[in-house]
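The listed protein sequences derive, respectively, from chains A and B. The first sequence maps to residues 17 to 393 in our numbering. The second sequence maps to residues 17 to 393 in our numbering.
Read the hints as simulated data drawn from the structure, not as lab findings. Hints are supplied without guarantee of correctness; some may be wrong.
[Claimed, not checked] Here are the simulated distance ranges between beta carbons:
hint: 1; chain 1: B; residue 1: 286; chain 2: A; residue 2: 78; range: 51 to 61 angstroms
hint: 2; chain 1: B; residue 1: 347; chain 2: A; residue 2: 108; range: 31 to 41 angstroms
hint: 3; chain 1: B; residue 1: 308; chain 2: A; residue 2: 274; range: 28 to 38 angstroms
hint: 4; chain 1: A; residue 1: 274; chain 2: B; residue 2: 60; range: 35 to 45 angstroms
hint: 5; chain 1: A; residue 1: 305; chain 2: B; residue 2: 360; range: 35 to 45 angstroms
hint: 6; chain 1: B; residue 1: 248; chain 2: A; residue 2: 208; range: 35 to 45 angstroms
hint: 7; chain 1: B; residue 1: 308; chain 2: A; residue 2: 208; range: 50 to 60 angstroms
hint: 8; chain 1: B; residue 1: 308; chain 2: A; residue 2: 305; range: 30 to 40 angstroms
Just so you know, even glycine gets a beta-carbon here, dropped at the ideal spot from N, CA and C.
There are 2 protein chains.
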Amino acid sequence: MTEARLSSAEALARLRLARTEGIGPLTFRRLLVRYGSGVAMLAALPGLAARRAAPFTLWPEAEARREAAALAELGGRFLFLGVPPYPTLLALQEDAPPVLALLGDPAALAPRAVALVGARNASAAGRRIAESLAEALAREGLGVVSGLARGIDAAAHLGALRAGRTIACVAGGLDLPYPPENAVLQARIAAEGGAVLAEAPLGTAPLARHFPRRNRIVAGLSLGVVVVEAALRSGSLITARLALEAGRELFAVPGSPLDPRARGSNDLIRQGAHLTEGVEDVLIHLPEAPGPARPVEPRLGQVQGAMVEEAAPDSPEPLADADQLLELLGVAPIAVDEVVRRCHLSPSAVQAILLDLELAGRVELLPGNRVARTGQA
Amino acid sequence: MTEARLSSAEALARLRLARTEGIGPLTFRRLLVRYGSGVAMLAALPGLAARRAAPFTLWPEAEARREAAALAELGGRFLFLGVPPYPTLLALQEDAPPVLALLGDPAALAPRAVALVGARNASAAGRRIAESLAEALAREGLGVVSGLARGIDAAAHLGALRAGRTIACVAGGLDLPYPPENAVLQARIAAEGGAVLAEAPLGTAPLARHFPRRNRIVAGLSLGVVVVEAALRSGSLITARLALEAGRELFAVPGSPLDPRARGSNDLIRQGAHLTEGVEDVLIHLPEAPGPARPVEPRLGQVQGAMVEEAAPDSPEPLADADQLLELLGVAPIAVDEVVRRCHLSPSAVQAILLDLELAGRVELLPGNRVARTGQA
């Protein structure tokens, strides 16, 4: 695998920006496109931050250095968006994490991958299906991605580990394995040729809001997602929706209507997921590359909200050139293209002003190139 | 319900023709169209039969009278193709039985109906699903059709019987309930507002070849067929294919990949059957009327063969005007339209000659308006 090492100044700049409250993945990506490097972003930030009533709390350099040292101590390293071996499929996602912490072998991120997800309270039969399907997929040379949760996730990792091809995405920090009983499994994955990835800083105990963020990484890493057992309204279905949005294939293992754990996966099949009994069902439908991203379904509104960083306290000070744009916006998201059509500014000027407004906490930039006011005056 | 009674001479003529070896449902229907009545068919038959080396063994009048008396003794009656209360949906099938024997209430044949079929060695869970789904469908006012077999069939009848709306199609004669343990269920269906139908004459012990014939009636009576548990290559899948051919909707209840009894139904879903967990899944997709008939799939070849009457011993005597047509035919079926295009005869002349040739045992007329030589010189 081609690897590229960032200079330590660039790596440190990117880490500090990624860890800064108020700069989410979408903003980070837009700033990176605008300024070209983490170092340049960092240089520009005081100017942007000055426009806010509550000044930007840039993540302290000392903290970043401490985290980098602690990660190296654990035997891990950082991966930076767009820099190999950062996973290329994940980088296609507009809200891809700017920085990931990795334990294990970066080569594990190279193969085409499939995610297996499902119920934490899985049945013994469901776990058996997940384990054997994961092993079969891994023996076909595919990476098997899951979330290191109880039940289906753990079974999938165990099965895939027999062929040494598994990727665990965890919701908290790499130093706080969750659930605790899977600490041994996490260590085995890192030691036996697999990879463990975390978006959250070391020391982060996983909270509810971290799980949808983790799920988007699981979906983003994979050409397809297989749902093994999932109740209605379960986290696995969120991963399934995120996969569809990202243009990835969706697979589901059917179950008896009498088993409530099969409701969600049966429902996915009803809605068009590929019915999956074994490895052949996945291989037949797995594409070479993801399809186009699809529009966000309304049912996902709350998930989407959870994935977008909360707006920082807002500035009462008016922004140059921005009042006109703010007039055009409401709290309901609209397409940025629509905003461009309705004003006299060029598309790039609109994008630049919206980015300023987001850094100022006045608007939220949303996936699908949409924008909304935060509701703060 | 509008009822029409045939004259006893017409009824007797139709019954004799239907019971005659060498006149299958397709031939019967074509003769009925040509001659207009059973009495006229009977009058024309000696001329047709004389062309055969082995003369037609027309079913004896005394036998037909004996069967009619025995059926009346059982409390049953005959239904004749195209004459109310013969089921109108079934009559759409080109190979619909010319005569059916009925026990129970003819009014049970009136409502829109759905078939529930599945494994004889069904699991307890499968039987529970069939029973509750059948009851729910019946409470929605739908007739529930099945084959009175062990397992899923019996469970479906039991459930639907709670709402008094079930139709059993049996493979043998009405006086020989099969399997014997379902004799009580058959009697209950007839006594409690349901209907039991048989194509075979009284006294017929059901043989393997009767079951595909029975299955085509189950499919033909129904707007849709629900497969509850079915292994690969099971009889229920034949019913499913017949339903698709006849333009009926197909439904299947999913099951775990670890359960071999779910293989067939999962495979049907994979091929496009509606995934069915409960009554709503059926109601949403059940049409007002069947769709167009679809072409026979190659996999069904042997079933199709079993449904077409065996050719009677053949006549070496050449048939007037027919040699040219025979030259055009092979043992592989071709469309009658194709035959018309390749000869100088009118479509109606071709149809008439082919009918003669079929009665002479030289060709087989097949569903889908296709024809093949019997292979006999």
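Check each numbered hint against the structure and report the violated ones by number, ascending. 2, 4 and 5
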